[in-house]
Amino acid sequence: MERAGPEAGPRRDEDEEEEEEEEEGSREEAEDGAADEEDEDEDEERAEGVAGRFLALERALSEQLRALPPPGPPVALVYAPLEYAWEPHRDFVRRYCRGPKAVLFLGMNPGPFGMAQTGVPFGEAWHVREWLRVSGSVLKPPQEHPKRPVLGLRCPRAEVSGARFWGLIRSLCPDPRAFFRHCFVHNLCPLLFLAASGRNVPPPELRAPERERLLGPCGAALAAAVVALRVRLVVALGRVAELRARRALAAAGLAVPVRALPHPSPRNPRANRGWEGAARARLGEIGVLRLLGVREGARLGSGGMEVGGAVPQFPLPGTGGKGAGGSLCQFDQLGAGEKGIDGALPQFPQAEKDLGHHYRAEDESLPQFPQLGIGRKEDGAALSQFDQLGTGGQGIDGALPQFPHSGAGEREVGGSLPQFPHSGGGLGLL
Numbered sequence: 001m002e003r004a005g006p007e008a009g010p011r012r013d014e015d016e017e018e019e020e021e022e023e024e025g026s027r028e029e030a031e032d033g034a035a036d037e038e039d040e041d042e043d044e045e046r047a048e049g050v051a052g053r054f055l056a057l058e059r060a061l062s063e064q065l066r067a068l069p070p071p072g073p074p075v076a077l078v079y080a081p082l083e084y085a086w087e088p089h090r091d092f093v094r095r096y097c098r099g100p101k102a103v104l105f106l107g108m109n110p111g112p113f114g115m116a117q118t119g120v121p122f123g124e125a126w127h128v129r130e131w132l133r134v135s136g137s138v139l140k141p142p143q144e145h146p147k148r149p150v151l152g153l154r155c156p157r158a159e160v161s162g163a164r165f166w167g168l169i170r171s172l173c174p175d176p177r178a179f180f181r182h183c184f185v186h187n188l189c190p191l192l193f194l195a196a197s198g199r200n201v202p203p204p205e206l207r208a209p210e211r212e213r214l215l216g217p218c219g220a221a222l223a224a225a226v227v228a229l230r231v232r233l234v235v236a237l238g239r240v241a242e243l244r245a246r247r248a249l250a251a252a253g254l255a256v257p258v259r260a261l262p263h264p265s266p267r268n269p270r271a272n273r274g275w276e277g278a279a280r281a282r283l284g285e286i287g288v289l290r291l292l293g294v295r296e297g298a299r300l301g302s303g304g305m306e307v308g309g310a311v312p313q314f315p316l317p318g319t320g321g322k323g324a325g326g327s328l329c330q331f332d333q334l335g336a337g338e339k340g341i342d343g344a345l346p347q348f349p350q351a352e353k354d355l356g357h358h359y360r361a362e363d364e365s366l367p368q369f370p371q372l373g374i375g376r377k378e379d380g381a382a383l384s385q386f387d388q389l390g391t392g393g394q395g396i397d398g399a400l401p402q403f404p405h406s407g408a409g410e411r412e413v414g415g416s417l418p419q420f421p422h423s424g425g426g427l428g429l430l
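Take 1 as the starting number for the sequence shown in full-length UniProt numbering and just add one per residue.
Just to be clear, a hint being listed does not mean it is correct.
[Said to hold, decoys possible] Straight line, CA to CA, 20 Å or less: simulated DMTMM-like cross-link-like pairs of lysine to aspartate or glutamate: (1) 140 / 210; (2) 140 / 87; (3) 140 / 63.
[As the list claims (entries may be wrong)] Here are the simulated distance ranges between beta carbons: (4) 272 / 204: 16 to 22 Å; (5) 268 / 49: 33 to 39 Å; (6) 67 / 197: 23 to 29 Å; (7) 276 / 73: 33 to 39 Å; (8) 72 / 154: 41 to 47 Å; (9) 66 / 284: 37 to 43 Å; (10) 285 / 139: 38 to 44 Å; (11) 70 / 147: 16 to 22 Å; (12) 63 / 87: 17 to 23 Å.
These aren't lab readings, by the way, just hints derived from the structure by calculation. Predicted, not measured: the structure shown is a model, and the values here were computed from it. Every residue, glycine too, gets a C-beta built ideally from N, C-alpha and C.
All chains, please: the whole structure from these sequences, using the hints.
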């Protein structure tokens with residue numbers, strides 16, 4: 001006992017030092033954990049290749065638009081679905097934007113019963129939920145108009161333009177993976193504008209300075225997305241989206257052709273007189289039906305089957321149920337066979353070289369692009385001066401991205417059209 005006294009002092013000192021070290025270690029672990037949580041989303045996106053880069057471009061654009069002053073009358077409220085409906089939007093991109101895309105379908109901006117509800121372009125809730133199998137929580141915008149509540153993926157009201165658009169795509173490609181193998185869908189502007197009455201205010205109705213301040217960054221972001229996805233044809237839905245896409249790509253020095261479909265909105269009189277048939281015919285003219293494996297001139301019934309002919313043959317792994325009066329269907333409807341919709345994407349025997357694509361691996365760096373909108377004119381009018389994704393800010397990695405300037409511009413209507421090679425010989429995406 002007498003010797004215990006002198007030994008107890010050093011032992012207590014050692015215990016106190018160990019406790020202090022443990023506390024310091026705990027603090028360091030907590031700090032590291034917080035830093036890891038902050039970087040988690042960005043790390044996930046970087047690890048996802050093409051989808052991650054596309055999402056990063058969208059986030060950067062959202063940040064730029066958030067910094068803009070709010071537009072004046074007639075706009076009373078602005079909805080930003082890429083913020084409050086980010087989860088389903090991210091799910092959509094991760095599912096269907098896993099590689100380069102030959103064709104980019106381009107809308108103008110969200111509708112109140114489409115993307116504003118689901119976070120998906122032309123996102124009529126039933127198609128998003130039941131056909132695309134997109135999921136995720138949808139929050140509320142900071143300010144919500146009582147006549148335009150955000151109800152998410154269970155929104156009972158259907159967006160007519162979204163139902164028409166995705167209905168057409170579903171009739172052409174009953175399995176969505178067949179469509180997204182070579183195509184993707186995007187909006188030029190990610191914001192919805194509402195008047196005090198709840199009426200949708202399309203971007204062309206904004207005052208000119210506000211419109212250009214908004215659509216300048218959106219156009220730069222579109223050009224960046226076209227390069228990131230290796231897009232070879234932009235199919236714009238509506239005249240305004242077509243003109244803005246042409247302007248943005250010309251400003252970036254990109255000789256990527258832009259072709260138009262009539263907008264499926266019920267506001268468009270042409271869309272109310274057989275829009276699906278007209279759109280399908282146009283897709284045949286510009287070569288998209290051949291890209292999708294749909295025989296031109298065949299009439300499609302429900303489920304995408306050719307009337308009086310065989311079901312289009314998609315080389316996806318599957319159970320192969322028989323189509324009515326046709327040959328075996330070679331795809332799984334929403335992942336009913338070897339791979340579910342959440343599994344790996346099926347491999348198409350049509351390699352990228354068949355489309356004339358010579359892409360780098362997804363983990364390689366993207367090409368650099370120069371500052372946009374410098375000294376380029378279209379139709380005799382000077383374009384607004386803006387850089388990559390906006391208003392004098394820097395690109396995602398700090399420096400302004402550099403676009404390689406294309407030597408030859410796209411020919412307008414009446415001129416010869418660029419030809420895109422195809423395995424069958426001479427697919428021309430017009």
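Numbered hints the structure breaks, given as an ascending list: Hints 1 and 8 are the ones this structure does not satisfy, whereas the remaining hints hold.
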